[in-house]
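Here is how the chains run, residue by residue.
Protein chains: 4
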Amino acid sequence: MTTKATGPATDTTHPGGKCDPPAEHHLCMPEDARKRASRRLAIARGHLESVRKSLDDPDVYCIDVLRQLKAVQGALEGAAGVVMRGHLEAHVVAAHERGDEKRIVDELMELFKYT
Amino acid sequence: MTTKATGPATDTTHPGGKCDPPAEHHLCMPEDARKRASRRLAIARGHLESVRKSLDDPDVYCIDVLRQLKAVQGALEGAAGVVMRGHLEAHVVAAHERGDEKRIVDELMELFKYT
Amino acid sequence: MTTKATGPATDTTHPGGKCDPPAEHHLCMPEDARKRASRRLAIARGHLESVRKSLDDPDVYCIDVLRQLKAVQGALEGAAGVVMRGHLEAHVVAAHERGDEKRIVDELMELFKYT
Amino acid sequence: MTTKATGPATDTTHPGGKCDPPAEHHLCMPEDARKRASRRLAIARGHLESVRKSLDDPDVYCIDVLRQLKAVQGALEGAAGVVMRGHLEAHVVAAHERGDEKRIVDELMELFKYT
Numbered sequence: 001m002t003t004k005a006t007g008p009a010t011d012t013t014h015p016g017g018k019c020d021p022p023a024e025h026h027l028c029m030p031e032d033a034r035k036r037a038s039r040r041l042a043i044a045r046g047h048l049e050s051v052r053k054s055l056d057d058p059d060v061y062c063i064d065v066l067r068q069l070k071a072v073q074g075a076l077e078g079a080a081g082v083v084m085r086g087h088l089e090a091h092v093v094a095a096h097e098r099g100d101e102k103r104i105v106d107e108l109m110e111l112f113k114y115t
Numbered sequence: 001m002t003t004k005a006t007g008p009a010t011d012t013t014h015p016g017g018k019c020d021p022p023a024e025h026h027l028c029m030p031e032d033a034r035k036r037a038s039r040r041l042a043i044a045r046g047h048l049e050s051v052r053k054s055l056d057d058p059d060v061y062c063i064d065v066l067r068q069l070k071a072v073q074g075a076l077e078g079a080a081g082v083v084m085r086g087h088l089e090a091h092v093v094a095a096h097e098r099g100d101e102k103r104i105v106d107e108l109m110e111l112f113k114y115t
Numbered sequence: 001m002t003t004k005a006t007g008p009a010t011d012t013t014h015p016g017g018k019c020d021p022p023a024e025h026h027l028c029m030p031e032d033a034r035k036r037a038s039r040r041l042a043i044a045r046g047h048l049e050s051v052r053k054s055l056d057d058p059d060v061y062c063i064d065v066l067r068q069l070k071a072v073q074g075a076l077e078g079a080a081g082v083v084m085r086g087h088l089e090a091h092v093v094a095a096h097e098r099g100d101e102k103r104i105v106d107e108l109m110e111l112f113k114y115t
Numbered sequence: 001m002t003t004k005a006t007g008p009a010t011d012t013t014h015p016g017g018k019c020d021p022p023a024e025h026h027l028c029m030p031e032d033a034r035k036r037a038s039r040r041l042a043i044a045r046g047h048l049e050s051v052r053k054s055l056d057d058p059d060v061y062c063i064d065v066l067r068q069l070k071a072v073q074g075a076l077e078g079a080a081g082v083v084m085r086g087h088l089e090a091h092v093v094a095a096h097e098r099g100d101e102k103r104i105v106d107e108l109m110e111l112f113k114y115t
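Protein chains in written order, with the UniProt record's numbering: chain A, 1 to 115; chain B, 1 to 115; chain C, 1 to 115; chain D, 1 to 115.
For reference, chain A alone in the conformation it holds in the complex (with noise of 0.2 Å):
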């Protein structure tokens, strides 16, 4: 019954941690996903400190940060995009099953508007 709340479709039974999410949802994200995310933001996040620094270089070419910008931004999308197929695999496709799609739906539409 837990692993049906969390969504049927993946393992969600969380070996590394115990999901133990608020009352209101009830689903959690898968571990692996997780973690792939985790390990991304991580790398981006690293990148992003180095374009931090180039600026304190006076001699810095604007094109050359915006570029850096713009692969920084590309990596944020690759981690996010780990996240949404994590969501779509473990809790939007059973979402009828659960009786939850409405909110599922909506979450998912409000996201996709401000893109």
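Any given hint could be a false lead.
When chains are identical, the list treats them as one kind, so a pair holds in a single copy or across two.
[What the hints assert, rightly or not] When the alpha-carbon atoms are kept at most 30 Å apart in a straight line, the in silico DSS-like pairs for lysine-lysine are as follows:
no. : residue 1 : residue 2
1   : Lys70     : Lys102
2   : Lys35     : Lys113
3   : Lys70     : Lys113
4   : Lys70     : Lys53
5   : Lys113    : Lys53
6   : Lys35     : Lys53
7   : Lys35     : Lys70
8   : Lys35     : Lys102
Simulated from the structure, these hints should not be mistaken for laboratory data.
Starting from the structure of chain A, add chains B, C and D where the hints point.
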């Protein structure tokens, strides 16, 4: 002459550091834009780190992570906007006078293409 | 059974036309979403045509054209949002029940990748 | 003088039509960019119309519509790229000489903001 070389439209004399760019471009980022972009990136880095830390929590919800990543992306876009405005003001609007308009336009178009 | 095959979360019985999809997917777009998206695309097409005609005027200003194109892009995004919501409601949230969640998720992720 | 007013970096004498812009800007789009953008928009309009027609078919699949809309969006971006390059070459790179760089930069930044 030095002023002209770094773009006559904006003061790019860099009181806080010498602008000594490589011979191939001779264009330096306006100091004010450098400092403001750097501050924004420091804030974005802090936000990104807090998103990464939130992934250590097995209870974190996918949609909350995606919303936070979107906010970080917005912060990076804000920083890129500061750099872009500095570039336009200091370098692009005077490219015809300097005679490097072909390179300047090609660089911008290449950047837009990947957006 | 037919209802289930086209996604139990939304009525997709298509009173205005028979849904007779190719065997490989068995999923039809909800009629309401089809009609609303079609109306939005008709409006966007009219707007696009007026932008195209504005280019016949030698006095047209680049920035005005770019602003109008942006408005057309926004209209297309609005239409795509209607289609996406219909897809999520009618097909994605019930994919686990149907058993085609792998295909459904892969299709969505491929679409997001290019955005 | 007329040549200068329309941006010295590119020929904007408009052999195919007189450039007689309103007094407030005095900048005309390069004719070549106008014609190429117009052709691209005509193609995009045809593509958009075929997507709209595909929505008359009750069997159309949501994801196919979304893919086609993405292709139309790409075509509009291509047309916008033609207009943007013409604007950069004809107007932006010579803004400092004309003395309207503030307006030119503000217009561009406003456009980027909504992207």
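How the hints compare with the structure:
1. Proximity of lysine 70 and lysine 102 under a CA criterion of 30 Å is satisfied inter-copy only: 22 Å between copies versus 35 Å inside one chain copy.
2. When the C-alpha separation of lysine 35 and lysine 113 is checked against a cutoff of 30 Å, the pair qualifies both within a copy, at 27 Å, and between copies, at 21 Å.
3. For the homomeric pair lysine 70 and lysine 113, the shortest alpha-carbon distances inside one copy (21 Å) and between copies (11 Å) are both at most 30 Å.
4. Both within a single protomer and between protomers do lysine 70 and lysine 53 lie at most 30 Å apart by alpha-carbon distance, with minima of 16 Å and 23 Å respectively.
5. In the homo-oligomer, the alpha carbons of lysine 113 and lysine 53 lie at most 30 Å apart only across protomers (25 Å), although the nearest pairing inside one protomer, at 33 Å, exceeds that limit.
6. Taking identical chains as interchangeable, the C-alpha atoms of lysine 35 and lysine 53 lie at most 30 Å apart whether they share a chain (27 Å) or sit on different chains (11 Å).
7. For the homomeric pair lysine 35 and lysine 70, the shortest alpha-carbon distances inside one copy (24 Å) and between copies (19 Å) are both at most 30 Å.
8. For the identical chains of this complex, lysine 35 and lysine 102 are neighbours both inside a copy (28 Å) and across copies (21 Å), given an alpha-carbon limit of 30 Å.
Hint compliance for this structure: no hint is broken.
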